[in-house]
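S.K.: With chain A held as given, fit chain B onto it using these hints.
Chain residues, written in single-letter form:
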Amino acid sequence: MNSLAIRARGLTRHFAAVRALDDLSVEVPAGAVFGFLGPNGAGKTTTIRLLLGLIEPTSGSAEVLGFDTRTHGHEVRARSGALLEHSGLYERLSAENNLRFYGRIAQMHPLELDKRIEELLRHLHLWDRRKEAVVKWSRGMKQKLAIARPLLHRPGLVFLDEPTAGLDPVAAASLRDDLAALASQQGATIFLTTHNMAEAEKLCSLVAVIRQGKLLAVGSPKELRARGGGQRTEITGRGFSDAMAGTLRQNADVAQAQLENGKLLIIMKNGASVAPLINQIVREGGEVEEVRSGQGSLEEVFLTLMEEEQA
Amino acid sequence: MTTDFMTVLWKEWKEILLQRSAGGSGARQPLVIVLIVGILLPLRMGPQRFFSPEPLLILTFLAAVATSAVVADAFAGERERHTLETLLASRLPDSSILLGKIAACTAYGWLITMACVVLGTVTVNIANWHGQILMFHDAPSWLGLILGPPVLGAAVASAGVFVSLHAATVRQAQQTLSLALVVLLFGAIFGFNALPVSWKAWFAQILFGWSLTELILAATGIVVLIDLALVLAAMARFQRAKLVLD
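Keeping their order, the protein sequence lines are chains A and B.
Residues in the first sequence are numbered from 1 upward in steps of one, following the numbering used here.
Residues in the second sequence are numbered from 1 upward in steps of one, following the numbering used here.
For the record, the hints were derived by calculation from the structure and aren't laboratory data.
Hints are supplied without guarantee of correctness; some may be wrong.
Claimed, not checked - Listed below are the simulated DSS-like cross-link pairs for lysine-lysine, each with C-alpha atoms no more than 27 Å apart in a straight line:
# : chain 1 : residue 1 : chain 2 : residue 2
1 : B       : 14        : A       : 136
2 : A       : 136       : A       : 115
3 : A       : 115       : B       : 14
Same shape as in the complex, but just chain A (with noise of 0.2 Å):
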């Protein structure tokens, strides 16, 4: 069997002048739950679009599950499973109806269907409702059930489009232990998109970057928070400004400098030191009274990543 659930090559998709996607070459190991991270705009639904064969390349290529998404889209949807942009679901069926639809559309056995859609449904606690239409549904457990959907026929590999946007952070917070349990239970690979760094650091074995359609960084959110946050310190005292911030942001190894609640917090680059800098702070007439360093979160990383290109 092929290691590799995703191999994209030189990936590149142009809408009349604006290049969607730019030279995507990237790697997802099968069983992985790969995360991939990006402004609005970024490239992220095209690029899931691309690997499904909805759309076609302007050049490069891609080989999901071991087809070339070009010339075999329709073996690599049979085999696969998508929550887009959008729920997706039938308000007016019921959750059961809904899962059947797609169910057939996979061509399971009517048995195994059966048996597949109360186990799903009682993981996620809706089976009790299952014969509801779905419009009667909050919005958390309608984006339960359309993450029950394209996990319905045990796919080699799920893309999910950011699927706990709009939810209150108590309901993506369940969605998340529930994708979570199903992910780790399945052993599918993952694509998950998301803006949500805490989901990437709690899902995500792999973890990629884009803007603008071209990818910043891939890695683990270990090797990413060690490679691109660099060391995070936190600086308390006195006598600390905005001004003194900009100053200290001048500095060519310094990735993020600010004042925040009275503290500086100060994001070095390559993992320079931060020792010169308390030097200046004190040359510029601060106080120091206390230094945190800790690695950075995927959160900062991003942002990092995000300034260095804007930059």
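M.R.: Frame of chain A, contents of chain B only:
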């Protein structure tokens, strides 16, 4: 292919029935149609209904109207409710999605027509009971009832694909289709009346030279050819790569 077609037909049929059986205008519209064409018109016409070509034409046109009421929802509605892209991301072939939807809409139009045929027959018999059941009695009438509604319904459903794919909303698609049907109906009536007398005579000479069965079969044949052309054109338009970017 057949299984996929049946799967789409199953889903569409469930959606149509739920839409048409729920409260609101979705449920009222078929009831009003059945009330007018299945009860009021037969009452007004009486036993003559079974000996005149008018009811056959009305019932055939009714299939077109009923089909037009659901086809916009099947195509433009799927896009408006953001379910189309998920459907396109499945393994279903484009042709199965398209043909399943066309078949479901056509079947709905045919079912409404048949309901009006049955209800109209019962109504006329109750109102004019003389100890003998009155009904369409000749083969051409039955031929027209069996062939006319589905072939005209299929033409409307196929044309509805284009209208729906170009309309911004379901409502816009429904209005365009309704307008097109009205134009078609009155265009045919007034267009024929506006023809020069010599042309009308020429038409009549041809029509009276044929039996009613031959006329029905010829008309059905022409509409079937139109159906085929429309379905092929719809298949060329209804393609994933285009629909995803719409």
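S.K.: Hints first: check each against the structure and report whether it holds.
M.R.: Cross-check of the supplied hints:
1. B/14 - A/136: Between residue 14 of chain B and residue 136 of chain A the Cα gap is close to 17 Å, so the pair holds against 27 Å.
2. A/136 - A/115: The given pair, whose Cα atoms are some 24 Å apart, holds under the 27 Å limit.
3. A/115 - B/14: 22 Å, holds
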